[in-house]
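Peer 1: Chains A, B, C and D supply the protein sequences, listed in that same order. Count the first sequence with the working numbering and you get residues 1 to 368, in order. Count the second sequence with the working numbering and you get residues 1 to 368, in order. Count the third sequence with the working numbering and you get residues 1 to 368, in order. Count the fourth sequence with the working numbering and you get residues 1 to 368, in order.
It should be emphasised that the hints constitute simulated quantities derived from the structure, not laboratory data. Accuracy of the hints is not assured; some may be wrong.
Since the list gives no way to pick out one identical chain from another, each pair is judged satisfied if it fits inside one copy or across any two copies.
Cross-link-like lysine to any residue pairs, in silico, SDA-like; alpha carbons within 25 Å at most [claimed, not checked]: (1) 366 x 314; (2) 47 x 323; (3) 325 x 201; (4) 47 x 367; (5) 164 x 86; (6) 325 x 173; (7) 325 x 73; (8) 325 x 268; (9) 164 x 33.
There are 4 protein chains.
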Amino acid sequence: MSINSFGHLFRTTTWGESHGPALGATVDGCPPGIALSEADLQVWLDKRRPGQSRYTTQRREPDAVRILSGIYEGQTTGTPIQLMIENTDQRSKDYGEIAQKFRPGHADITYWQKYGIRDPRGGGRSSARETAARVAAGGVARAALAVLAPRLTITGYMVQMGAKRIDRARFDAAQIAQNDFWCPDATAVAEWRDYLDFLRSEDHNSVGAVIEVVASGAPAGLGAPIYGKLDSDLAAAMMSINAVKGVEIGAGMAAAELTGRENADEITMGPDGPVYTSNHAGGILGGISTGQDIVVRFAVKPTSSILTPRRTITLQGEEAEIITKGRHDPCVGIRAVPVGEAMMACVLLDHLLLHRGQVGDGPRGKIG
Amino acid sequence: MSINSFGHLFRTTTWGESHGPALGATVDGCPPGIALSEADLQVWLDKRRPGQSRYTTQRREPDAVRILSGIYEGQTTGTPIQLMIENTDQRSKDYGEIAQKFRPGHADITYWQKYGIRDPRGGGRSSARETAARVAAGGVARAALAVLAPRLTITGYMVQMGAKRIDRARFDAAQIAQNDFWCPDATAVAEWRDYLDFLRSEDHNSVGAVIEVVASGAPAGLGAPIYGKLDSDLAAAMMSINAVKGVEIGAGMAAAELTGRENADEITMGPDGPVYTSNHAGGILGGISTGQDIVVRFAVKPTSSILTPRRTITLQGEEAEIITKGRHDPCVGIRAVPVGEAMMACVLLDHLLLHRGQVGDGPRGKIG
Amino acid sequence: MSINSFGHLFRTTTWGESHGPALGATVDGCPPGIALSEADLQVWLDKRRPGQSRYTTQRREPDAVRILSGIYEGQTTGTPIQLMIENTDQRSKDYGEIAQKFRPGHADITYWQKYGIRDPRGGGRSSARETAARVAAGGVARAALAVLAPRLTITGYMVQMGAKRIDRARFDAAQIAQNDFWCPDATAVAEWRDYLDFLRSEDHNSVGAVIEVVASGAPAGLGAPIYGKLDSDLAAAMMSINAVKGVEIGAGMAAAELTGRENADEITMGPDGPVYTSNHAGGILGGISTGQDIVVRFAVKPTSSILTPRRTITLQGEEAEIITKGRHDPCVGIRAVPVGEAMMACVLLDHLLLHRGQVGDGPRGKIG
Amino acid sequence: MSINSFGHLFRTTTWGESHGPALGATVDGCPPGIALSEADLQVWLDKRRPGQSRYTTQRREPDAVRILSGIYEGQTTGTPIQLMIENTDQRSKDYGEIAQKFRPGHADITYWQKYGIRDPRGGGRSSARETAARVAAGGVARAALAVLAPRLTITGYMVQMGAKRIDRARFDAAQIAQNDFWCPDATAVAEWRDYLDFLRSEDHNSVGAVIEVVASGAPAGLGAPIYGKLDSDLAAAMMSINAVKGVEIGAGMAAAELTGRENADEITMGPDGPVYTSNHAGGILGGISTGQDIVVRFAVKPTSSILTPRRTITLQGEEAEIITKGRHDPCVGIRAVPVGEAMMACVLLDHLLLHRGQVGDGPRGKIG
């Protein structure tokens with residue numbers, strides 16, 4: 001029920017502000033006996049870390065994660081795992097203007113209205129820096145999943161930048177890690193690069209994106225009616241990522257355009273169980289996984305922190321203009337890719353444990 | 001944490017199967033002293049009830065709700081409110097085929113794989129009949145909201161049937177209750193009617209839809225970082241409705257196509273506080289309400305219960321074909337409209353109570 | 001987090017008032033495939049039912065439980081189980097006096113102060129009748145435990161009535177079901193009978209009691225640090241029973257009087273694992289079960305509903321006297337015995353599922 | 001539902017092991033705008049800190065708490081507050097024997113049986129050091145209570161050491177902070193001192209204790225039926241403290257010995273509302289506070305870490321003897337006093353927020 005936590009049994013609470021001394025995640029409910037080191041987590045944090053290309057914020061921090069508890073001799077003990085990342089690049093810049101004016105499209109105004117106090121430095125709690133804590137927690141989930149669901153793989157990538165979509169016919173998983181955009185379509189990469197250079201250097205603008213995260217090899221039977229549904233928890237998890245405005249499972253919003261004949265994924269019998277002729281369902285029926293690929297997409301809005309002046313108001317209610325200088329991402333969606341993967345990992349581990357709790361190991365109903 | 005519950009402080013647990021003796025909702029955490037009668041709830045259930053036009057399932061039940069607890073002399077007492085709806089139209093048909101074959105696009109197979117047992121009668125727990133319990137719970141939420149947020153209105157309507165969208169220029173709220181589709185565009189109504197008649201009578205097919213639910217007059221400050229976000233809870237709530245495959249807040253998936261300049265809703269000062277020049281954010285920034293309209297959309301897939309034969313497998317793993325006869329909706333999205341409204345009401349009341357708990361009554365930060 | 005729920009994975013929400021149409025329990029998270037019928041639950045309800053001897057309230061109701069959901073062909077399906085007990089003996093007596101005056105020692109005044117409204121009929125929600133719903137839920141837990149922990153037995157009995165304690169040297173489990181007091185000491189039974197006859201017929205008074213509930217055969221490893229501790233959850237569960245004012249595990253309050261030498265239960269090795277020379281710990285160390293008997297005791301205060309006039313105040317703040325006529329128990333502790341057993345069953349099943357979720361089946365660390 | 005968390009809205013998750021790099025508490029749900037500094041918390045930690053007299057463990061650590069998040073310019077922001085205490089006195093002693101043998105009366109064996117792995121250094125997660133994190137969290141709760149319930153005071157003290165009880169007739173609150181035992185009875189202090197010197201120096205033994213914690217000035221109306229009861233939550237909170245084996249509210253276990261006439265706290269009308277002639281109820285009726293003093297007692301068992309050899313078994317299942325050398329408390333109950341106060345503070349703040357959430361500010365029903 002904690003408002004900064006998610007997960008039922010594998011439960012993560014993140015804490016920390018962009019420019020406080022540190023931020024992190026308290027990870028509770030991890031199974032014991034899982035091999036885990038700081039290096040195992042660092043690999044995922046490095047994937048998310050800013051400053052790795054000219055397309056992400058130039059804030060440069062090592063984002064080095066420390067494990068403060070829950071590990072003994074290289075293994076999880078089943079007790080809470082505290083993950084801490086120190087904030088080392090807190091520039092001593094003047095936050096006076098941001099403290100006085102609300103940046104349009106940011107949480108400045110809502111934090112103020114809700115709490116009557118807010119930490120304006122770097123966006124405080126609403127900064128995308130919070131997602132580093134999720135990525136660290138996701139690393140813990142991945143380590144446990146490697147043991148409990150060894151066939152499972154989780155892969156995120158960008159399928160759309162602005163109005164520019166990848167061509168699914170050119171989808172090549174090997175491309176994903178080869179470019180600055182986690183893009184599986186080599187042709188799109190070139191186009192996106194030009195577009196982003198223009199936005200960044202000439203147009204002083206930013207753009208949104210769509211990320212797709214696929215989990216392959218997940219067992220059937222994860223999820224639970226009616227409100228512990230796998231898709232419901234995935235939707236909440238993805239929507240909780242900064243700047244996300246839409247979440248889709250399988251066919252997603254386009255399911256509305258399908259007819260029943262088109263949409264029903266027909267079932268045949270394969271050597272290892274049911275095989276589906278299509279996957280409009282995105283691997284989830286009735287809130288429970290089918291064993292097919294679990295397919296989630298989410299839209300990330302463009303950052304509102306741009307060099308173009310925007311109209312706003314001050315704390316005193318006076319109308320004003322604001323330009324957001326500083327270190328920002330022309331397409332924040334890029335860095336959302338490892339975050340989406342982390343959320344997928346956390347949700348799937350949580351549901352594996354939930355399923356094991358209620359039903360026992362593995363799916364229960366046999367077919368054939 | 002209960003897997004059949006949702007909400008933090010205003011918490012609803014639904015129970016019941018399509019063809020069991022009854023179904024209902026246990027509603028906990030309602031404020032005391034709220035006037036509430038069965039008639040107050042029945043009005044919303046009547047809106048959702050099937051059999052009201054030729055476009056919804058011909059199952060005919062009064063869906064009469066009984067309040068079994070939590071009310072004294074016409075007012076809520078602050079104790080749990082038990083809402084029960086008896087199932088009166090349980091036809092004694094033979095469920096043998098459905099018990100033996102998995103209907104494609106239905107939860108038959110996943111319930112079986114997860115639990116090793118399932119109630120095949122009318123879809124059991126995964127039936128859309130479960131949404132009647134939500135609508136009843138939503139009625140309780142509305143009664144409390146009428147007292148706690150008297151300016152709040154919640155309106156749902158259909159904006160898309162199949163590929164056919166309404167024309168926003170023709171949007172007329174007065175039309176919504178005047179047609180069988182909760183459609184705000186009178187011109188679209190005629191087109192949808194013809195299309196649905198064709199699907200139902202000639203094509204033996206079904207089609208998806210997009211529903212939009214708008215809450216106007218909600219106070220600023222509802223929601224909480226980072227995982228008790230208002231948009232995160234709304235996404236979970238809407239995605240938990242049967243057949244929903246996508247959820248959008250404000251600009252939604254289209255936010256990906258916007259640039260930062262377009263997307264940032266500029267702020268000016270109005271007589272009663274901040275005024276925004278646009279609402280791409282859908283009334284939520286950083287997970288907290290701005291005071292603008294809260295705008296949620298969700299896509300409902302077409303029902304897979306159609307008269308056209310589909311390939312599937314049996315419990316024994318043999319390949320087979322199935323035709324789903326019986327009483328089904330050619331466009332289940334129609335009946336999802338009051339369900340989406342109910343979920344909006346439940347989430348907003350929950351966040352009003354959460355906000356009041358942590359912060360006290362009303363927004364805390366003043367502007368101007 | 002629902003305020004009328006308990007349990008992590010096996011989660012029960014009770015609802016209903018003493019004189020409303022019905023009361024019951026919504027039981028969520030039960031494992032699937034457990035054989036369960038109304039008769040299986042009725043046996044426990046019959047044990048708690050009033051009116052079975054002259055020592056319990058003369059309210060006479062069958063307390064017949066109906067299962068409204070979650071069962072198919074005699075087995076649990078893994079979906080919520082709704083248990084409903086209709087209130088059939090709601091006498092049409094005048095509750096005017098109780099509505100106007102607060103009975104000392106009752107929740108009348110606190111419900112009023114908290115909510116500004118209360119159902120005065122028979123104590124409303126604060127009536128001991130609510131415990132019928134717990135007993136029904138406990139019956140579900142017992143059915144699941146019979147499968148998941150077949151060696152487990154749960155036995156409750158009264159060890160003290162007023163100042164009169166049983167003699168542990170005369171403890172005979174076979175006596176427990178043979179008398180009106182669930183008393184394991186046949187000699188004490190006679191003494192208690194005389195005492196209670198005097199209190200009831202001559203002294204117009206009531207008296208408290210201490211109940212002990214023992215779970216034998218529970219596996220080692222149930223419970224979790226630090227706040228999901230088994231003893232912490234048992235304490236909450238027992239303290240939540242009406243009229244309970246103290247809870248003890250093992251040596252309980254008397255542990256304060258022991259020295260470290262006396263208190264430490266020494267460990268030796270038996271054929272099937274560790275054997276302890278004593279059980280001051282009550283089967284729980286560090287919040288986790290040892291495999292020894294789990295021993296819980298709780299004190300039940302005497303009912304304040306007695307025929308002797310007591311001083312009180314009215315709703316208008318005027319001083320007054322009140323006599324509580326009606327059907328009451330001279331020793332409510334008697335009927336708390338099956339309630340304590342039910343709470344033990346619910347907590348143990350919940351922790352079995354929690355353990356299985358996080359750690360997998362069975363204890364994980366082997367000894368020897 | 002996190003197993004290392006407690007609280008509904010004001011929610012604390014503790015983390016950390018005795019000899020890891022640090023331990024702490026993640027505190028979520030604190031109201032915004034509360035003045036809070038590290039010094040405000042340190043005062044409570046200093047009260048609990050070991051090594052302050054010869055009667056507590058000689059482990060010497062500053063227990064300096066750092067606030068890593070949730071504070072801006074000296075005030076809470078409403079976001080999670082991370083409290084970290086570094087472990088600085090981790091002696092590099094050999095934990096080989098403890099790693100191989102299970103100390104009787106300790107959680108060594110149950111952690112092993114549950115998880116198959118445990119951190120043996122200083123007791124790992126089951127060390128009483130964890131309570132430092134609770135005391136820090138309790139400091140946050142006290143700061144918020146000072147604003148939200150300014151009349152509230154919380155006072156803990158020891159009422160029994162071994163079999164030696166204070167004389168309530170000599171109760172003098174001014175004495176509590178004047179001696180090493182938080183004892184309100186100056187005469188008992190001398191007796192306890194001699195007794196503890198004997199146990200420590202000559203008998204190589206330890207002894208249990210009973211602590212009483214009283215909250216005065218709490219408003220009526222805190223708590224909620226049936227499972228969010230104030231007494232139920234207090235019982236869980238106190239039972240979760242290391243070594244606690246019994247919890248009492250008001251008359252506690254002795255309520256069993258009272259008759260209904262004796263037990264009912266009669267009500268009269270005072271100038272500011274109801275006044276009670278006694279407080280057997282301990283300030284709680286039906287799980288809701290009456291406005292009287294809230295009185296909780298708990299028994300702390302003697303530590304099993306004594307210099308006298310005890311029988312045990314090894315990891316390999318061989319029988320053995322163990323002596324627990326090292327820095328231990330002859331009466332751990334002494335240091336439990338500030339811990340009990342902290343738990344009381346956390347539970348009361350949580351219920352204040354819960355009440356405000358569901359019902360609004362203050363009690364709702366007026367009397368007179």
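Peer 1: Within a copy, between copies, both or neither: where do residue 164 and residue 86 come within 25 Å Cα-Cα?
Peer 2: neither (37 Å within a copy, 50 Å between copies)
Peer 1: Is it within a copy, between copies, both, or neither that the alpha carbon of residue 325 lies no farther than 25 Å from that of residue 201?
Peer 2: within (13 Å within a copy, 60 Å between copies)
Peer 1: Within a copy, between copies, both or neither: where do residue 164 and residue 33 come within 25 Å Cα-Cα?
Peer 2: neither (45 Å within a copy, 45 Å between copies)
Peer 1: If the cutoff is 25 Å on CA atoms, where do residue 366 and residue 314 land: within, between, both or neither? Let me know, please.
Peer 2: between (63 Å within a copy, 11 Å between copies)
Peer 1: Classify it for me, residue 325 with residue 73: is the Cα-Cα distance of at most 25 Å met within a copy, between copies, both or neither?
Peer 2: This pair counts as between: shortest inter-copy Cα distance 24 Å, intra-copy 46 Å.
Peer 1: From the Cα coordinates, with 25 Å as the cut-off, is the pair residue 325 and residue 268 best called within, between, both, or neither?
Peer 2: Close across copies (21 Å), not inside one copy (57 Å); limit 25 Å.
Peer 1: For residue 47 vs residue 323, is the C-alpha pair at or below 25 Å within one copy, between two copies, both, or neither?
Peer 2: neither (29 Å within a copy, 49 Å between copies)
Peer 1: When Cα atoms must be at most 25 Å apart, do residue 325 and residue 173 count as within-copy, between-copy, both, or neither?
Peer 2: neither (36 Å within a copy, 42 Å between copies)
Peer 1: At most 25 Å between C-alpha atoms: does residue 47 with residue 367 qualify within a copy, between copies, both, or neither?
Peer 2: Neither: 40 Å inside a copy, 40 Å across copies.
Hints 2, 4, 5, 6, 9 from the list above are not met by this structure, while the remaining hints are.
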